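Using the hints, position chains B, C and D against chain A.
Single-letter residue listing:
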Amino acid sequence: MASLLEQQNADPGVDDITQPGVSPPVIAPGYDFGQVTDKIGNVVLTKRTPWSWVIGFLIAFGIMNILMLAVGYLFIKGTGIWGINIPVGWGFAIINFVWWIGIGHAGTLISAILLLFKQSWRTSINRFAEAMTLFAVMCAGMFPLIHTGRPWLAAYWLLPYPNTMSLWPQFRSPLIWDVFAVSTYLTVSLLFWYTGLIPDVASLRDKAKNGFAKFFYGILSMGWRGSARHWHRYEYAYILLAGLSTPLVLSVHTVVSWDFAVSVIPGWHTTIFPPYFVAGAIYSGFAMVLTLAIPIREAYNMKDFITDRHLNNMAKVMLATGLIVGYGYMTEAFFGWFSANKYESFMILNRMTGPYAPTYWALIFCNIITPQFLWFKKVRSNVPILFIISLIVNVGMWLERFVIVITSLHRDFLPSSWGLYHPTVWDWATYVGTLGLFTTLLFLFIRVLPMISIFEVRALLPQSKVTVE
Amino acid sequence: MKPTGIYGVMAEFNTPDELVTAAHKAYAEGYRKMDAYSPFPIEALDEAIGIPKTILPWLVFFGGLFGGMAGYGLEYWTQVIHFPLIIGGKPLHSWPNFIPVWFETTVLGASLTAVIGMLGLNGLPLPYHPVFNIDRFLDHAQKDKFFLVIESKDPKFKLDSSKQFLSNLQAQGVWEVPN
Amino acid sequence: MAQFFPPSANAYARTSLVLLIVIGGALGLTGYELASSPWVTREGVRPEQPVPFSHQHHVSGLGIDCRYCHTTVENSSFANIPPTKTCMNCHSQIWTNAPLLEPVRASFRDNKSLVWTRVHDLPDFVYFSHEIHVNKGIGCKSCHGPIDEMPLTYQANSLQMEWCLDCHRNTGKNLRPREEVFNMTYKQPDRSHAVAFNGVQFFDQEKLGAEIQKVYHVKGTQELISCNTCHR
Amino acid sequence: MATDGNMNMNELVTVKPAKAAPAEVESAAPVAPVLELEAVREQLAGAKGVQYWRSLEELSNKEGFDQMLEREFPRQASEWLDPVSRRGFLKLMSASLALAGLSACTKQPEEAIVPYVQQPEDLIPGKPLFFATARPTPFGAQPLLVKSQMYRPVKIEGNPDHAMSKGACDTYTQGSLLDLYDPDRMQAISKVGGTRTWGEFVGEMRDAAAAEKAKQGSGMRFLTETNISPTFADQMQGVLKLYPQAKWYQYDPVNRDNARAGSRMAFGQYVEAQYQLAAADVIVSLDADFLYPHFPGFLKLASDFATRRKPEENNPEMNRLYVVESQMSTTGSKADNRLPMRASDVEQFASALAAAVGAGGGGTVSNEAAKKFLDVVANDLKANRGKCVVIPGENQSPAVHALAASMNSALGAVGKTVVYTDTVETNSTEQGAGLKELVADMNAGKVSLLITLGGNPVFNAPADLSFEAAYTKVPLRAHVSTHMDETSRLSHWNVPSTHYLESWSDARAYDGTISIVQPLIEPLYNGHNPHEVLTIFSDSPGITPFETVQNYWKAQRKLSGAEFEAWWKRTLHDGFIANTAFAPKTVSAKSAAASTAQNNPAMEIVFRPDPTIFDGRFINNGWLQEIPKPVTKLTWDNAAIMSPVTAGKLGYEDQSVATITLGGRKVDAPIKMVPGHPDNSITVYLGYGRTHTGRVGSDTGFNAYKLRTLANSGYAVGATLERVAGKKWALAVTQHHHLVEQGKPKAGQSTTGDAAASRQIIRAATLEEFRKNPEFAVEGANEPVSKDITLYPNWTEDPTKTGAHQWGMAIDMNSCIGCNACVIACVAENNIAVVGKDQVLAGREMHWIRIDTYFESKGPADVANPRAYFQPVPCMQCENAPCEPVCPVGATVHSPEGLNDMVYNRCVGTRYCSNNCPYKVRRFNFLLYSDWDTQSYYPMRNPDVTVRSRGVMEKCTYCVQRINSAKIDAEKRLGKPDANGQPHDGKVHEEDHVQTACQQTCPTGAIVFGNVWDPNSRVSQIKKQSRNYALLAELNTRPRTTYIATVRNPNAELEETKQTETHG
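Chains as they are written, first to last, in our numbering: chain A, 3 to 471; chain B, -5 to 173; chain C, 691 to 922; chain D, -7 to 1056.
Chain A on its own, in the form it takes in the complex (with noise of 0.2 Å):
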């Protein structure tokens, strides 16, 4: 088993079952191993910041700001500067972290479970798409702890220490569940990606000329100098990592369904939860993955490593992911019905009817609908709908957390003691921040690490064939 990486290029990945025969490479064809370095190396280590990046930052960096000063804020007054209340407890911050989350969950499925199904056309894009998981687990993990009365307390009371209290969490909470998962899943997924990053990294350091970048490479590269008997090494533990994750990235999510689904509320209580958040996370984070390739590959001209065909497969994987989504509901609708339960049924009644109709109905089409275009070639072929496709979908899915959190607390069971909730101007500050620590956070990988694993794309060229015995 151990050279799964190796064998990758042997394996045309999903498009030979779908469509025989006619697969695309999934690097275009005439590169060799120095170009591929060079050429990805190049985005790195060049002296010219291209002023797009630095117009992107910025902008960027602002909206960044916007989440230090809702922040900011948001400690010196409470939380009640949002707009939650008694009974809808919790608001956007519940609703981003689920959100981001999520979107987080893409870039260690590619990593992980597409490298055991041995999905070669993951190479491309793994790399960015791991960053991404981090710099949105990040962005989630924010939420849980300042989403808190008292984050200064909440911030270590939640982890189990030696303290002169003589108290420790109290595990049988899915919140505490999240503080282990959400830990766990960022460490291993900053370790997977570490791992990754080690011999691109030293690649790097060799490339570099500037005696800075020689050091911050060299320290980062830990002296990675392509040995096989490293390699041998190296290569289990990066699928034992990957077999490790698969299941973390689903304990993840089915942690964060937990939140909702120990719960006694109606339409927060179902077995439905767990897979169909995973597949929702799975969703949303290739429709974010997606998001992000589109425009990166146009702007550093990686089309020939992020191909159309990388597009047409992540395309694919939405929409099953999407039919897998849409099933939920379907069934969420169903159990209103068939549990015959009166609060179960009226939840699902007011989703469809009540005040929060409107998002209902948005989610429906961009979580249903939008995604059906995606049987046709055509589609999955025309990068600009493809594009927008993937917004309609990112959209979509957080109205869906919007519906799941806020619609199942505003009416449950005594109807004396239902409510409304309105966001106010700081829950949209906060999260737009979100938003923009995440660019910020990925403007800074993109300029600084590089995007695209440089030592898997040598491996998947031809000329990487060993044919002796």
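Hints were generated in silico from the structure; no laboratory data involved. All values reported here derive from a predicted model rather than from experimental measurement. Just so you know, not all the hints are guaranteed correct.
[What the hints assert, rightly or not] Partial selection, computed: residues in chain D whose CB lies under 10 Å from chain A: (1) ILE105; (2) TRP559; (3) HIS728; (4) ALA747; (5) ARG751; (6) ALA834; (7) GLU837; (8) TYR846; (9) GLN863; (10) VAL881; (11) VAL885; (12) ARG898; (13) CYS899; (14) VAL900; (15) ARG903; (16) LEU920.
Ideal Cβ placement from N, Cα and C applies to all residues, glycine included.
For chains B, C and D alone, kept in the frame of chain A given last:
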């Protein structure tokens, strides 16, 4: 062990095929303390230079086992023994509720072991290494060329003959690697 | 030599990794130690007081009972700080001109309260009751330490939650017969020294504690560590 | 024991004035080590008083003055909610300090401890003392037992020994505690130019009096509120004797003029009707809202009423209440048969009803439904002679009162279900007429000195009297008042008045029993009480109110020396003078004449006292402002309340703004629709729209007094409404009744009450149904799943059952009258914060117990007249509490005695518990709601309950502080002989009366709390009833709080009509 200022001799090849062929030949020649360098993993080299199967999977297994036991142990001790609190009418040992954390700590333990173990077994971090003394290696080893190094530690190593041996393998160049 | 890193870099790299782990651990340990240190708990601190009142002198020296001044200790959560009048009961007769006692006389004269610095100060969300502890056989010394030997009063224990819980978890270990609660020279029983309770001689605190717990209906651990015992 | 009024607050041992939640907040807003009220006074006086007074010099320049006030005084109200303010800065500081420290390393600030110089002998620091006193109201004194911590009144309870209270207490009285500590109270004596001393005031008054003396006081007038104090009346008589030409007027805007006029019509004299509802099988209310504290004699009426509403399996009997009313009131909500009727039509109805029962009157009603209703009521009354009673509404015309009196006579009710006695007022008058005379005198220049003792006539006098214009014509005007109000700003002299908890006086309860009003605290704001002010004009100036009251009673009782002292002590201890209740008078009502009232189809407007701020006197009281008014659930505002049909006809929605015009006077009011309100009628509450009040009351509501005239003080016909286009008036409502929030309900659209009924949240039956099936509340209902269905098959022991007691509660929905007393008692007991209108609008009110109100309409016919249900909802203390497992830090856990504890200091505020609470009884401090800055609130707080900080969840704990204190008391009795001579078992027993605050104050005893493990406890007995059911039992939460289902006793004949209408 020959007290020598030489780490070994290094040969450069253009393609993976050449490297694998050369490695096979060197192994056949009786060299054991040698290493091949490539800008991407080449599985054929494992056999060619005789790399034993790593114990990493076992380490990871025990890492995961330890993580899981530590996680569940923490839950059990804190919730049942140290500060038993009555929560929601459930027993103190509500094991179904303890599963998620147990699972996460298992994965965490295994993953940390996998990466730290890999680095440790590889002897990394090691920023300085004799092979980097060769300029050709520096410029091309992580990019597009393939190298074979016979180390001076090898009992069969003799500077001149080993150098000659490598040159005979149609290497693009052969260098002495100073320590 | 085109190699960027010198050979010494290897040692540096490895040492710094080890250091990182050591420093991280040390910081955690420091944090915990700091949190339970007297700097935070004020354990052992003798704050400045308007009058350097000596419990040693009044209790050990003169043999005054705790309840002479702390009148409500058996009847209220608060043990009461004696009014100036209590001081003056004696000090209008003795040491009437001692300069140290001038603040007391001034207080009485001007009808203005003495302002003491609180020594045993629990957080405001903790509801401690003297009366129940005293009535269930917890001696003054168990919390206040050797107060009869303190020339200046200080806090003998950390008064942190883990300290409180230590006793609430092991209920028997500090119980004594009710009539011994205010006895400053009381010694827990051991092999050579017996304590009588209900006519039985006990040579072992564990057995004595268990017996007292039964007779006085001292609650079990589950109830005593229940949150609302101290917080509400 | 009585406090002698001489204690020095500075001497108090500081046992932490208020309990603080998180230590870190303390560091930013340190609790002052010593409670320096002097300093507070100075600061407050200095900060606002001086500027305020300087501006009064500019009386002539009214505009500038008003601007000044806007800037200096009421605008500070915005700070309450202001996003960035000084408080905000403090919060920033606290947050940053908190962030700097780690939990356990947070170092506590050093605290001082300040003992007495001489400690009072009865004081045990840490143990409360209880003092009996009474709160004077225009309708009689509320007998009280006030809890005092370190001589600071912290909680008001009813006097359990007093027949008019039996331990219960009403909403207003509970709330009046906050008034005592109100930092916006008037701080100093002042004359237009600035601060003055008491001596200066006395001097000038005596000079003026001396001048008056010469003309026998012909220019001297006293204007007081309704007086129920015998001592004061005696004092006043003394003064009037010295100044024979001087006059004394009493005026309260919510007065009993109609009842008095009616009484004179019926009996030829002023009498008080005391209804004995315990003896009544049939009660007819003619627009009388007697189940709300603004009705005279409320506590007893409510309690008597409830005793007849407890049908049991073996005794399925109860009374029947018919209500004809012009609003949807709490009384109407409890009615078995209810007829919405415009207030102006009630007189005709009463006249026809009187005719039908043979009590004079005459005429008929034209409306079919009303006619049917009338016939049924008349028959039922006639069938229950001597066991029935007719109660006229306070708002109704004198004729209705007279008709009711003659019906009661004709039906043989007198002496059985109603007795007539002397009046509670010492000097009954028709106050409106008096005020009119005073205004005429002022306008005529006959008044040279006007002393206004309490009251705020400039604000609340009838609009047609133009009191303000007349008032300013008086050359010397002095006003004694607790707050700087509209009258104060037009007065020359202003003297801060004492709160009743600060002053000596006496007062009659509604049944005539006299209580001595004794102070619990030295006046906080240099207040002077009316007795003291009156002595200035007497021949014995300078005597204290204490002496005044004592002297009067020495004379009355003809006692002196030790004998008097003993009597005095006993009276103070008991809280009332035994055997001073009125004896029934033998009077007979004349047969009433037929009503001459005409049906006028024009829009009618009904003026009622506000359910929370009464006549406006409580406007600066945050507790009362934030209590959701019964039925409407409105807070912080009044509104023009109308039926949905009327609103629909006029094109209004909730929160639309209309200009109401009545007799040429206009006022802008927001619209609020309430089901069950009669059509073509508007109800407005009085007291809002104050222009000069404290920070809390500013900018709330509209002033309905502007429309109210002397002749039409109850209601007026002929109002017109005009929409103020494009304007919305946000109304902070805590519970929406329709499925479309704040929208216009469509005809036949279901209400939340229907959803509640279908969810079996409210379970109700008629008496007939109950007789047939006593198990109606549990049969066919969703019952909890078996405890065997669990993930833990071998788990048998229930960890919640290890305590010595198991606490539980039963709430009788049949007894609950929705009066809110429990809500405000809980607020006072548990230091619950006031959040302000904006936060209520955001859905963040903090009340731990709420009164859910559901309107149920089984068919279209019911929509206009739905059945209403009140359901008080505190924390259910579920045994399988869903909130507990989801808390990540274990801040909410179960106690071994079955309490669902909430540990504030552990809470990090994830709000997960609240989300997962099916009953939504948890409350969250979204912002820093507790007022940590206002020093005057510190002594008010219950030191046994933590003051919560921001970011912390809070909720009902069954008053765990009371339970714990009872447990400690019980454990201390362990082994000592108990009442039966047996050694005490150290447990809390039923006779220890451990009560929750809501239970203690409930006028109808609807809430019962106790040990459910004790089979003989009241709560166990009640829970055994067949009507006992758990809310949302099917969720398997196993709540410890359960409900006793409602049983109504409607007249079948009227029900049939309804049914037909429904199907037709």
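Satisfaction of the ARG898/D interface hint, Cβ to chain A closer than 10 Å
Where the cut-off is 10 Å and the nearest Cβ of chain A is about 7 Å from ARG898/D, the hint holds.
Please verify that hint: ARG903/D, Cβ, nearest Cβ of chain A, below 10 Å or not.
holds (3 Å)
Taking 10 Å as the limit, does the beta-carbon of TYR846/D come near enough to a beta-carbon in chain A?
Check passed: Cβ of TYR846/D comes within 7 Å of chain A, closer than 10 Å.
Does ALA834/D hold up as a contact with chain A if the rule is Cβ-Cβ below 10 Å?
holds (5 Å)
Hint validation: VAL885/D versus chain A, beta carbon distance must be below 10 Å. Holds or violated?
holds (8 Å)
So, as I understand it, the hint says VAL881/D touches chain A; can you test that by seeing if any CB pair is closer than 10 Å?
holds (5 Å)
Can the hint on VAL900/D be confirmed by a CB-to-CB distance to chain A that is less than 10 Å?
Holds, because the Cβ-Cβ distance from VAL900/D to chain A comes to roughly 4 Å (cut-off 10 Å).
A closest beta-carbon separation below 10 Å is what the hint needs, so does GLN863/D meet it against chain A?
This hint holds: GLN863/D lies near chain A, its Cβ roughly 7 Å from the closest one there, short of 10 Å.
Classify the hint on HIS728/D as holds or violated, based on whether any CB of chain A lies nearer than 10 Å to its CB.
Holds - the Cβ of HIS728/D comes within 10 Å of chain A, reaching about 7 Å at its closest.
For the restraint on ILE105/D, tell me whether the closest CB of chain A is nearer than 10 Å.
violated (24 Å)
Could you check if ARG751/D really has its C-beta closer than 10 Å to a C-beta on chain A?
Since the shortest Cβ distance to chain A is 6 Å, the answer is holds.
Does GLU837/D pass the interface hint, meaning its C-beta sits closer than 10 Å to a C-beta of chain A?
GLU837/D check passes; min Cβ-Cβ to chain A is 8 Å, inside 10 Å.
In summary, the structure is inconsistent with hints 1 and 2 from the numbered list given earlier, while agreeing with the others.
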